[in-house]
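Read top to bottom, the protein sequences are chains A and B. Per our numbering, the very first residue in the first sequence carries number 1; after that it's consecutive. Per our numbering, the very first residue in the second sequence carries number 1; after that it's consecutive.
Hints listed in this document are in silico derivations from the structure and should not be mistaken for laboratory results. From the three backbone atoms N, C-alpha and C, an ideal C-beta is built for every residue, glycine too. Among these hints, one or two may not hold up.
[Unchecked claim] If you only want the chain B side, here are some residues facing chain A, beta carbon under 8 Å, derived: (1) TRP74; (2) THR80; (3) GLY83.
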Amino acid sequence: MLSAVISAFLNIGLLLVVIVTYVQNMRVIRSYYTSGLVLVASLLMLQNIVIILFWSTLYMDDKALMMSADMVSHYLFVINIIQTIGLFVLVWITRR
Amino acid sequence: MFCLVVQSYLLNNTTISKKEFFISLTRYEQSVFTTTINLPAFSFSGIFPRQLFSFLGTDGGQSGLDPRFKMILWSIIAGTRGGINRVKILNLLKTTPMNANKIATVMNLDYKTISHHVKILSKNNLVVKTEKDYGAEYYLTQIMKENQSVLEEIMQKIGTK
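Sequences are here, hints too, so could you generate the full structure?
Pasting the structure below:
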């Protein structure tokens, strides 16, 4: 569970880097392309925030739910870590 | 589909034989696999304006622009940290080929920064270097020259700011 949460926070950090770059570019070039990039990255960030909120609610509400969340947390970890790898590549391309 | 046939067989198993059942099943399968489904004509462009999602521009690609190139150029410029400087370098090289040092002087930037940008542009096949060891000049590639209007479009958008 902890590793899944860490990777979700890592995703948020990486998305912050990407969003800052995209916003800097959008301030100079105002176009639907730059706005779209900011929107997509923001929505991905929202997704990760929702994941953290949703799972923390599950984890803290009830002991039975906490056990269920623990049982399936490795699925969440796999999803998050794949996203983290993808975002690492995106950050690398964006910050070059 | 198969379940439906089996269900009908189970319901009527007193009236048809096994052989009849398999014949009817084969006929049913044939009818399923040979039926053509006519979907109603649907187009996104009828709902959303074409220009909203297309890289072809307002002329619908009549100007000979390569939409894939346009997308790549936009990604390199709008999707990377040094994109703004990169488009300015491309705009400089549009008229006259220059070496990295001259570009750095004109743009009032560090030589290393320009060298890095030019390397990225070169890797993405937007500029090429003349075959000189010292002070090699950079100029636009053929595909970049053919799609200069994209560059102008981006420069206009920068100019408005």
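**Request:** List, from low to high, the hint numbers that the structure doesn't satisfy.
**Result:** none
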